[in-house]
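Q: From just these sequences and the hints, can you work out the full model?
In this text, residue positions in the sequence shown follow this note's numbering: the first is 1, and each later residue adds one.
Don't take each hint at face value.
[Stated by the list, open to error] BS3-like mimics (lysine-lysine), calculated; alpha carbons at most 25 angstroms apart, straight line: (1) LYS95 <-> LYS37; (2) LYS37 <-> LYS13; (3) LYS76 <-> LYS95; (4) LYS76 <-> LYS7; (5) LYS32 <-> LYS13; (6) LYS87 <-> LYS7; (7) LYS76 <-> LYS56; (8) LYS32 <-> LYS90; (9) LYS76 <-> LYS87; (10) LYS7 <-> LYS56; (11) LYS76 <-> LYS13; (12) LYS90 <-> LYS76; (13) LYS15 <-> LYS95; (14) LYS37 <-> LYS76; (15) LYS90 <-> LYS7; (16) LYS95 <-> LYS32; (17) LYS7 <-> LYS95.
Hint data in this document are derived by calculation from the structure and do not stem from the laboratory. As the structure is a computational prediction, the values presented were derived from the model and not from experiment.
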Amino acid sequence: MIPAQRKLAEELKGKPFTFLGINSDSDRSGLKERFEKEGVTWPQIYEGNSRAISEKWNVRAYPTLYVIDQQGVIRKRGFLPEPEIAKAVKELLAKTPDAP
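A: Set out below in structure tokens:
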């Protein structure tokens, strides 16, 4: 999944878009190195075992992805196949006026 996310992030660089990772690994050590090795360039939040974010967002499986528009409305949610993620994001961006 990360290679496809990395490709989409590179393709949409400069657009009003980003991924945000929520990491719930129990051990935080080595995460930075792993993200660097895998080419993860988007922001990451570490929640560890607290699961505070996962519970609030009703995450039941990993990975769970959300496509959220600029108004904060969830447009897609779940374990989305890579082509569906790209399609949903590109459709939202097509409706978004370019920033001045």
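Q: Look at each hint and say if it fits the structure.
A: Outcome of the hint check:
1. LYS95 <-> LYS37: violated (34 angstroms)
2. LYS37 <-> LYS13: holds (20 angstroms)
3. LYS76 <-> LYS95: Given that 25 angstroms is the threshold and the Cα spacing comes to 16 angstroms, the pair holds.
4. LYS76 <-> LYS7: holds (20 angstroms)
5. LYS32 <-> LYS13: Holds, at about 22 angstroms.
6. LYS87 <-> LYS7: Within the cut-off at roughly 13 angstroms; holds.
7. LYS76 <-> LYS56: Judged against 25 angstroms, a Cα distance of about 17 angstroms means the pair holds.
8. LYS32 <-> LYS90: violated (29 angstroms)
9. LYS76 <-> LYS87: Cα-Cα ~11 angstroms, so holds.
10. LYS7 <-> LYS56: violated (29 angstroms)
11. LYS76 <-> LYS13: holds (21 angstroms)
12. LYS90 <-> LYS76: holds (13 angstroms)
13. LYS15 <-> LYS95: Between LYS15 and LYS95 the Cα gap is close to 12 angstroms, so the pair holds against 25 angstroms.
14. LYS37 <-> LYS76: It is violated: about 29 angstroms lies between the C-alpha atoms, which goes past 25 angstroms.
15. LYS90 <-> LYS7: holds (13 angstroms)
16. LYS95 <-> LYS32: violated (35 angstroms)
17. LYS7 <-> LYS95: holds (21 angstroms)
The earlier numbered hints that this structure contradicts are 1, 8, 10, 14, 16.
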